[in-house]
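2 protein chains.
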Amino acid sequence: MRVVDLEKVMAMYDERAALAAVERAFVAFSAGRAQIGDAGHFTFDAPGDCHVKAGHLYGDDIFVVKIASGFYDNARLGLPSNQGLVVVLSATTGEALAVLDDRGHLTSLRTAMAGMLAARAIGYAGRGVLGVIGTGTQARLQADFIARYLGFERLLVWGRDPARAQALAADLAGEASGLQALVERADLIVTTTPSIEPLVSDAWVKPGTRIVAVGADGGGKRELDPAILARAIVVVDSAQHCLDVGEAGWAARAGKIAPDSLIELGTLLGAPRAFGSDDLVVADLTGLAVQDAAIAGTIWRALNDSASG
Amino acid sequence: MRVVDLEKVMAMYDERAALAAVERAFVAFSAGRAQIGDAGHFTFDAPGDCHVKAGHLYGDDIFVVKIASGFYDNARLGLPSNQGLVVVLSATTGEALAVLDDRGHLTSLRTAMAGMLAARAIGYAGRGVLGVIGTGTQARLQADFIARYLGFERLLVWGRDPARAQALAADLAGEASGLQALVERADLIVTTTPSIEPLVSDAWVKPGTRIVAVGADGGGKRELDPAILARAIVVVDSAQHCLDVGEAGWAARAGKIAPDSLIELGTLLGAPRAFGSDDLVVADLTGLAVQDAAIAGTIWRALNDSASG
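Respectively, the protein sequence lines represent chains Z and P. Using my numbering, the first residue of the first sequence is number 1, and each one after it goes up by one. Using my numbering, the first residue of the second sequence is number 310, and each one after it goes up by one.
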């Protein structure tokens, strides 16, 4: 069993390869060519939370177990908030092949990739105003991936802490904004907060808006007024997982959407469709173990190639 | 993050401490003082399967993620069938503190401990005939723990492969037996196979028999005729988990038992009760992440004590 430190993991990281693998993984998942499991959302007094997910893409010679956590007072101890690792195991012998001590970086990256892939799949054309809600790691990464792969003309940032919003906006050549103004102006909204109350009011959302909701993934988290989903086309990474822990679940439990109306992202990536310019489209992303299996698989293969090269 | 190899893990293993921790963990779980998660039962073509479980006992400064697998053709490759590891993480910072490369040994041990604790809790008095069904690692370990902590007067062993049953019986100073004869004669029966069909017929089971069913834990596994549970007092490690993947689930889905009739082992360990000498009592054990958290916690504390001692 090989332990691979963060520096080596990132030295092996090939963004194009990883992005292609994550996209293929969504397609495989929605086609039933994967097994995934989720040990749920653990919460700690610290405060902190942790996700444990396991995934195997059928045909792959590896499967992975991913642990990713956020402990929000770690900065006071001089530690990063994000922690975690990925265990790569042989799908033919069960042996643990490697522990990727990625400190949650691969999870952050595959989550940002999913946001960009979803934005593209729901018809964001790479023009107009991008509104980012939140100021953390995902806010930055989502904006970065969208900037580099899709583009935008103007970037607005809102966060609960105005100073952090100003700082992130400055880093990304965007502008800090009020929340309502951001929602009203944006063509693509990406929500990235751990809020447990809806932040985005239905009344603010204009027809044609595209929303990628990244925050809600368990533990009571939610960012969108369910009324938004009621009038939207709703795309989900996993119908079951989003009904359990995503925005779709809140809307379904409120009777606002029919569970069978959901479109899986992998289905949409496999068979792209056009949406109308006035269609409101929401992508609800909760995070799937196949994404972890895909990105970790590219690191593992790169390690092997570099060892034998 | 410290990687601890199997030899060091076992050097830190203190059976009495681990057994006490596992017993406390069952009690804490049934009292609602733990969070656990299960990423489910993964199956592989090899053939192989894998469980991923995560557990935290409230108040503990660590939580654990356990990976344990069985790949049944590994012997052909000169590898052990059981593989796996336990990741020990800080419940205050999320940091991965240690990877215990235990190759599934801690899982095997905590499973055997649960069997012995359950046998005692359901009123097996340590006398009479112990019947062990199965010839693998668990068959051997269950017999060993029962021998050392509870006792028996006579040991019968049945396995699908008579040569293996003979070999195990010889090792344990017992006797190989036919299956029906074993069930008819045993006072305590421990079932340890990966069977996906019932092995033990209701007609063979006499009043007063105590059964500890260890095999069924997902993937369609089952060992007992549901009619046995219909006339038994049924003890479960977790009501929810046993209804999902245990013998109790098969019996409940067949309409043979009421889900609310189940007694959790932790409740019984916390408040022991006597059973009648003619009561048929079944303990259905599916394996809980709190057992993993408990046994790994004793290893982790011993490592720290040995480092600072």
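Everything labelled a hint here was simulated from the structure, so no lab data went into it. Nothing here was measured: the structure is a model prediction, and the numbers come from that model. Hints are not guaranteed to be accurate.
Chain P is faced by these chain Z residues, among others (derived, beta-carbon under 8 angstroms) [stated by the list, open to error]:
| # | residue |
| --- | --- |
| 1 | 3 |
| 2 | 7 |
| 3 | 12 |
| 4 | 13 |
| 5 | 52 |
| 6 | 53 |
| 7 | 85 |
| 8 | 92 |
| 9 | 95 |
| 10 | 97 |
| 11 | 304 |
| 12 | 306 |
| 13 | 308 |
Derived EDC-like pairs: lysine to aspartate or glutamate, alpha-carbon spacing no greater than 20 angstroms straight-line [unchecked claim]:
| # | chain 1 | residue 1 | chain 2 | residue 2 |
| --- | --- | --- | --- | --- |
| 14 | P | 317 | Z | 279 |
| 15 | P | 565 | P | 588 |
| 16 | P | 565 | P | 511 |
| 17 | Z | 221 | Z | 45 |
| 18 | Z | 8 | P | 404 |
| 19 | P | 515 | P | 493 |
By construction, the Cβ of each residue, glycine as well, lies at the ideal position given by its N, Cα and C atoms.
Hints versus structure:
no. : hint             : verdict
1   : 3                : holds (6 angstroms)
2   : 7                : violated (14 angstroms)
3   : 12               : violated (18 angstroms)
4   : 13               : violated (19 angstroms)
5   : 52               : holds (4 angstroms)
6   : 53               : holds (7 angstroms)
7   : 85               : holds (5 angstroms)
8   : 92               : holds (5 angstroms)
9   : 95               : holds (5 angstroms)
10  : 97               : violated (10 angstroms)
11  : 304              : violated (19 angstroms)
12  : 306              : violated (21 angstroms)
13  : 308              : violated (20 angstroms)
14  : P:317 with Z:279 : violated (61 angstroms)
15  : P:565 with P:588 : holds (17 angstroms)
16  : P:565 with P:511 : holds (13 angstroms)
17  : Z:221 with Z:45  : holds (17 angstroms)
18  : Z:8 with P:404   : holds (18 angstroms)
19  : P:515 with P:493 : holds (6 angstroms)
Consistency note: the structure conflicts with the earlier hints numbered 2, 3, 4, 10, 11, 12, 13, 14.
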